[in-house]
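Peer 1: Sequence:
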Amino acid sequence: MVFNAPGVFPANITARRDDGKVDIEGTQEVVRFLFSKGVDGLHVCGSTGEFASLGVEDRKAVAEACIEAAEGRGIIIVHVGAISTADSCELAVHAVEAGAQAVSSVPPFYYPQSREGVMRHYTRIAEAAGVPLVIYDNPSTTGFTVDVEMVRELAEKDQVHGIKLARQDMTALARLAEIKGLNLYPVETFYVGGMATAPLCGTIGSVGNWIPEAFVGMKRNFEAGNISRAAYLQRLVCRLLEAYNFEEIQVTKALVEYRGIPCGTTWDPLRPITEEAKKALFRAIESFNLDFDDLATVKA
0 MVFNAPGVFP ANITARRDDG KVDIEGTQEV VRFLFSKGVD GLHVCGSTGE
50 FASLGVEDRK AVAEACIEAA EGRGIIIVHV GAISTADSCE LAVHAVEAGA
100 QAVSSVPPFY YPQSREGVMR HYTRIAEAAG VPLVIYDNPS TTGFTVDVEM
150 VRELAEKDQV HGIKLARQDM TALARLAEIK GLNLYPVETF YVGGMATAPL
200 CGTIGSVGNW IPEAFVGMKR NFEAGNISRA AYLQRLVCRL LEAYNFEEIQ
250 VTKALVEYRG IPCGTTWDPL RPITEEAKKA LFRAIESFNL DFDDLATVKA
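For the sequence shown, numbering that gives the first Met the number 0 gives the first residue as 0, with consecutive numbering after it.
Read the hints as simulated data drawn from the structure, not as lab findings.
Don't be surprised by glycine CBs; every beta carbon is placed ideally from N, CA and C.
Possibly wrong hints are sitting among the right ones.
In silico lysine to aspartate or glutamate, EDC-like type, Cα no more than 20 Å apart, as pairs [said to hold, decoys possible]:
#1 Lys-59 x Glu-70
#2 Lys-20 x Glu-63
#3 Lys-20 x Asp-57
#4 Lys-278 x Asp-293
#5 Lys-59 x Asp-86
#6 Lys-156 x Glu-115
#7 Lys-36 x Asp-290
#8 Lys-20 x Glu-56
#9 Lys-179 x Asp-146
#10 Lys-277 x Glu-247
#11 Lys-36 x Asp-293
#12 Lys-36 x Asp-57
#13 Lys-278 x Glu-241
#14 Lys-179 x Asp-157
Simulated DEER-style distance windows between Cβ atoms [claimed, not checked]:
#15 Arg-258 x Val-297: 19 to 29 Å
#16 Arg-238 x Glu-96: 40 to 50 Å
#17 Glu-126 x Thr-273: 41 to 51 Å
Start from the sequences and build out the full structure, keeping to the hints where you can.
Peer 2: Here you go:
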């Protein structure tokens with residue numbers, strides 16, 4: 000199975016209504032905004048999409064809403080990770096039926112996992128989905144690191160076609176780049192380094208929700224040979240992260256609001272960002288005097 004999917008894939012947020020239910024229209028508005036800025040696809044219901052706070056049926060509704068709003072633009076990767084492999088397989092089958100071109104999954108979490116158990120988890124999802132599978136390696140939240148040899152073995156069996164590397168590990172990135180046909184998605188702070196390393200490189204992350212132009216600009220300028228411009232945009236993203244004054248998901252939702260799309264707060268038990276912290280965050284971002292449209296332009 001061939002999966003050629005480099006580029007910019009925001010891990011899009013899931014909007015929340017005041018009554019605690021999923022805001023379908025708000026979520027779709029974010030999707031439309033992102034595609035209007037030139038992204039290549041989406042990573043739906045990942046960590047930033049608060050999958051762990053949503054039930055299976057809500058996750059299905061979010062996947063359907065995002066696919067509908069995408070209107071055939073780009074590649075939709077739906078995250079189906081869960082504690083239960085059966086739930087992951089159910090979500091994977093649904094995602095494909097709804098129109099997703101690929102699925103992804105963290106290793107099963109909460110219970111201590113063995114290498115054998117994680118390999119079986121990914122094999123079952125791949126068999127259930129029948130579409131490309133992207134590993135979501137996020138050891139800080141799952142307690143398990145998917146090593147290079149596991150990825151290589153699954154890729155050689157045509158069961159895995161990409162990996163989101165949610166850890167800052169250039170050595171692992173370089174070794175993974177040697178696996179033929181594997182799409183690599185390093186964290187957003189490593190995107191330019193990934194493009195310089197891997198034949199098929201994209202990026203999946205939260206920052207792209209509110210400033211997709213920076214990542215679209217990195218990709219366009221790198222491909223045009225304007226490496227200094229791409230590197231400048233990469234440094235800018237790193238500096239913007241220093242302005243974050245609250246937890247990542249709450250800040251991301253606040254900054255999507257800053258871009259003009261109200262999307263509510265986070266689900267319990269995540270604490271909501273305070274109004275004071277939000278105002279301070281907005282002031283910090285405004286100090287950069289960002290011209291959003293200019294960030295995506297190609298120039299030396």
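Peer 1: Indicate, hint by hint, whether the structure satisfies it.
Peer 2: Status of each hint after checking the structure:
{"no.": "1", "hint": "Lys-59 x Glu-70", "result": "holds (17 Å)"}
{"no.": "2", "hint": "Lys-20 x Glu-63", "result": "holds (16 Å)"}
{"no.": "3", "hint": "Lys-20 x Asp-57", "result": "holds (9 Å)"}
{"no.": "4", "hint": "Lys-278 x Asp-293", "result": "violated (25 Å)"}
{"no.": "5", "hint": "Lys-59 x Asp-86", "result": "holds (11 Å)"}
{"no.": "6", "hint": "Lys-156 x Glu-115", "result": "holds (15 Å)"}
{"no.": "7", "hint": "Lys-36 x Asp-290", "result": "holds (13 Å)"}
{"no.": "8", "hint": "Lys-20 x Glu-56", "result": "holds (12 Å)"}
{"no.": "9", "hint": "Lys-179 x Asp-146", "result": "holds (16 Å)"}
{"no.": "10", "hint": "Lys-277 x Glu-247", "result": "holds (12 Å)"}
{"no.": "11", "hint": "Lys-36 x Asp-293", "result": "holds (11 Å)"}
{"no.": "12", "hint": "Lys-36 x Asp-57", "result": "violated (27 Å)"}
{"no.": "13", "hint": "Lys-278 x Glu-241", "result": "holds (16 Å)"}
{"no.": "14", "hint": "Lys-179 x Asp-157", "result": "holds (11 Å)"}
{"no.": "15", "hint": "Arg-258 x Val-297: 19 to 29 Å", "result": "holds (22 Å)"}
{"no.": "16", "hint": "Arg-238 x Glu-96: 40 to 50 Å", "result": "holds (42 Å)"}
{"no.": "17", "hint": "Glu-126 x Thr-273: 41 to 51 Å", "result": "holds (46 Å)"}
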